[in-house]
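Please build the complex by placing chain B on the supplied structure of chain A, with the hints as guidance.
Chains as they are written, first to last, in this note's numbering: chain A, 1 to 218; chain B, 1 to 218.
Heads up, some of the hints might be wrong.
As the list makes no split between identical chains, a pair holds if one copy fits it or if it spans any two.
Unchecked claim - DMTMM-like cross-link-like pairs, simulated, lysine to aspartate or glutamate; straight-line CA separation at most 25 Å:
(1) LYS184 / GLU88
(2) LYS77 / ASP176
(3) LYS77 / ASP181
(4) LYS27 / ASP181
(5) LYS198 / ASP166
(6) LYS190 / GLU58
(7) LYS198 / GLU99
(8) LYS216 / GLU18
(9) LYS21 / ASP207
(10) LYS216 / GLU47
(11) LYS51 / ASP8
(12) LYS190 / GLU18
(13) LYS198 / GLU76
These aren't lab readings, by the way, just hints derived from the structure by calculation.
2 protein chains.
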Amino acid sequence: MEVRLAEDLMQANNRLAEKVKSLLSSKGILTLNFLSSPGAGKTTLLEETLKKVRGRAEAAVIVGDVQTSRDKQRFEKAGFKAVQINTEGGCHLTAGMVEKALSSLDLSGVELLFIENVGNLVCPAGFQLGEDIKVVLLSTAEGDDKPGKYPEAFFNAQVMIITKTDLLSSTNFNLDFARQDALKINPRLKIFEISSLKGEGMGPWIDWLIHMVERKRR
Amino acid sequence: MEVRLAEDLMQANNRLAEKVKSLLSSKGILTLNFLSSPGAGKTTLLEETLKKVRGRAEAAVIVGDVQTSRDKQRFEKAGFKAVQINTEGGCHLTAGMVEKALSSLDLSGVELLFIENVGNLVCPAGFQLGEDIKVVLLSTAEGDDKPGKYPEAFFNAQVMIITKTDLLSSTNFNLDFARQDALKINPRLKIFEISSLKGEGMGPWIDWLIHMVERKRR
Numbered sequence: 001m002e003v004r005l006a007e008d009l010m011q012a013n014n015r016l017a018e019k020v021k022s023l024l025s026s027k028g029i030l031t032l033n034f035l036s037s038p039g040a041g042k043t044t045l046l047e048e049t050l051k052k053v054r055g056r057a058e059a060a061v062i063v064g065d066v067q068t069s070r071d072k073q074r075f076e077k078a079g080f081k082a083v084q085i086n087t088e089g090g091c092h093l094t095a096g097m098v099e100k101a102l103s104s105l106d107l108s109g110v111e112l113l114f115i116e117n118v119g120n121l122v123c124p125a126g127f128q129l130g131e132d133i134k135v136v137l138l139s140t141a142e143g144d145d146k147p148g149k150y151p152e153a154f155f156n157a158q159v160m161i162i163t164k165t166d167l168l169s170s171t172n173f174n175l176d177f178a179r180q181d182a183l184k185i186n187p188r189l190k191i192f193e194i195s196s197l198k199g200e201g202m203g204p205w206i207d208w209l210i211h212m213v214e215r216k217r218r
Numbered sequence: 001m002e003v004r005l006a007e008d009l010m011q012a013n014n015r016l017a018e019k020v021k022s023l024l025s026s027k028g029i030l031t032l033n034f035l036s037s038p039g040a041g042k043t044t045l046l047e048e049t050l051k052k053v054r055g056r057a058e059a060a061v062i063v064g065d066v067q068t069s070r071d072k073q074r075f076e077k078a079g080f081k082a083v084q085i086n087t088e089g090g091c092h093l094t095a096g097m098v099e100k101a102l103s104s105l106d107l108s109g110v111e112l113l114f115i116e117n118v119g120n121l122v123c124p125a126g127f128q129l130g131e132d133i134k135v136v137l138l139s140t141a142e143g144d145d146k147p148g149k150y151p152e153a154f155f156n157a158q159v160m161i162i163t164k165t166d167l168l169s170s171t172n173f174n175l176d177f178a179r180q181d182a183l184k185i186n187p188r189l190k191i192f193e194i195s196s197l198k199g200e201g202m203g204p205w206i207d208w209l210i211h212m213v214e215r216k217r218r
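Chain A on its own, in the form it takes in the complex:
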């Protein structure tokens, strides 16, 4: 019964996600759903990404957390449109939460929507939010063995970003092992390696992102 109910809820969520996706696509908006462990660097990566795409594509952020509006404040302080969702204990965002958040976001001119999910490598993996692309982050401080241990997020994502590469020399993270571990689960994963703090590796990621926005424009 528990499993049946969970499946029903997920299916209902995913139907609503299709509706959200149609709405966003009809406006020509490219939507990315970012998932990772807490503290893998989603907010910092998005802050830096928003700065880099400024002038090339207008972007907005929906940010999910269990509690606090700390991340919304960070985005607004940097001058970006942001809406905060608090799940109040919930371990992932749902399409319903995103639909509601969209009603308080001015989408005019927006071409790029980032959804920052709750920090959790397990629960958000199976829930569509209406995104075009799922991006999973793996920080070098977390260890290179995480793809195999938490496979669903890596299986469902189209992009993996290895973050905090500035900490590589202070950790025992093996880049090759992490890449292979993830590619075994999902051979089509596109992989970027970035230090948001040092600004290293941002170029290829931003170029790819703008390329995807341009494809949507046509």
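Just chain B now, with coordinates in the frame of chain A:
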């Protein structure tokens, strides 16, 4: 309905946890349930802790992961008794999983049982497993703002361990902020600061642990 069912499941779990706790207490075993984000350093901390308590208290480990038996292999390679639980997608351990794992663990002589939960700062927080003490880890690489964002784990724990203190100089983690953020949620939290990799800060933690084992012996 969803909420009612979830509450029923949690209550059923917590009743079973009382049974597990009684069993373990009757054998004089001190049981600790470790929770954190993926990659906060639970396995490495436990490996180093097991080495340090060797000869002072016999210990065993139950280790939970979504997939793989990588952590069990790490513990066994270091010469320790370990049982792996794979939740196959589940985002936290349950008392039932621990009860089942105990049946394949030789508890004779064991005084200290470590349960390493699935890496997840949200879901494991509300589920008792039969432990005496919940320990929440927060790695310096995750950021000092996590207690307020994920309050339940910090509210329910008796101990917080700030891990990877060797990365303090490479991150913008503020120790005072993290401590205060956690103590606002739970003023009785006992806080340790440790680098498992460098072996720094292990002394007070091990002393406290042995003290707790000795209290259980009396």
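In rising order, the numbers of the hints this structure does not comply with: Numbers 4, 7, 11, in rising order.
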